[in-house]
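These protein sequence lines map, in sequence, to chains A and B.
Under this note's numbering, think of the first position of the first sequence as 5, with each following residue one higher.
Under this note's numbering, think of the first position of the second sequence as 13, with each following residue one higher.
Each computed DSS-like pair below joins lysine-lysine, with the alpha-carbon atoms no more than 27 Å apart:
1) B/83 - B/69
2) A/53 - B/69
3) B/21 - B/69
4) A/62 - A/72
5) B/83 - A/46
6) A/73 - A/53
7) A/46 - B/21
8) A/62 - A/73
9) A/46 - A/117
10) A/117 - A/62
11) B/21 - B/83
12) B/26 - B/69
13) A/62 - A/46
14) A/72 - A/53
15) A/53 - B/83
16) B/26 - A/46
17) B/69 - A/46
Calculated from the structure, these hints are not laboratory results.
What follows is the residue order along each chain.
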Amino acid sequence: AQSVTQLDSHVSVSEGTPVLLRCNYSSSYSPSLFWYVQHPNKGLQLLLKYTSAATLVKGINGFEAEFKKSETSFHLTKPSAHMSDAAEYFCVVSDPGNTGKLIFGQGTTLQVKP
Amino acid sequence: NAGVTQTPKFQVLKTGQSMTLQCAQDMNHNSMYWYRQDPGMGLRLIYYSASEGTTDKGEVPNGYNVSRLNKREFSLRLESAAPSQTSVYFCASSEEHRRANYGYTFGSGTRLTVV
Numbered sequence: 005a006q007s008v009t010q011l012d013s014h015v016s017v018s019e020g021t022p023v024l025l026r027c028n029y030s031s032s033y034s035p036s037l038f039w040y041v042q043h044p045n046k047g048l049q050l051l052l053k054y055t056s057a058a059t060l061v062k063g064i065n066g067f068e069a070e071f072k073k074s075e076t077s078f079h080l081t082k083p084s085a086h087m088s089d090a091a092e093y094f095c096v097v098s099d100p101g102n103t104g105k106l107i108f109g110q111g112t113t114l115q116v117k118p
Numbered sequence: 013n014a015g016v017t018q019t020p021k022f023q024v025l026k027t028g029q030s031m032t033l034q035c036a037q038d039m040n041h042n043s044m045y046w047y048r049q050d051p052g053m054g055l056r057l058i059y060y061s062a063s064e065g066t067t068d069k070g071e072v073p074n075g076y077n078v079s080r081l082n083k084r085e086f087s088l089r090l091e092s093a094a095p096s097q098t099s100v101y102f103c104a105s106s107e108e109h110r111r112a113n114y115g116y117t118f119g120s121g122t123r124l125t126v127v
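Can you make the complete structure from the sequences, with help from the hints?
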């Protein structure tokens, strides 16, 4: 069965410093992986996705993630945090059984301090 | 282009009351989904509809029913609301369930409180 574990429930960084949000996945198949962002009281927005093409995936707003099969990881990074990055981030894996279901991690809240 | 539209945005129910959450998409997507979001638990799938005319249970279907009214609309019904159903509900759609690796489009959510 597929599963996703986000290793930190809360991450705090200072504006201008790097961001690292960690995600490990479990999958018997070649997974499709996503990062979604949710700003307070808003819906979810797709940041980036990995679908078995390049292992380094670039997304919106300067975020990127690297798929590492040997480590079963898909960590999200950004070189320099901005105040507007403060939000909740979800690592997501797709169910490969042609059902279209997405399996969500528990979420990581990113706090950006001035 | 509105994407996925959910109504209402907020609702307070008394225990035992019923209500229907509405969802409509204008992207000609085949597949639609209902999720609930609870603190520390991410999003959990309630029901989904791979295509018009079909519906299937997700991870947490108990206490809910759904109707795929047509290709655009997918409603979620609570027949007898319970406090455990207090949550934020998200509707989402995707081009086709086999192509979910292209991601979903989410609505902005319905915040439901059952007292």
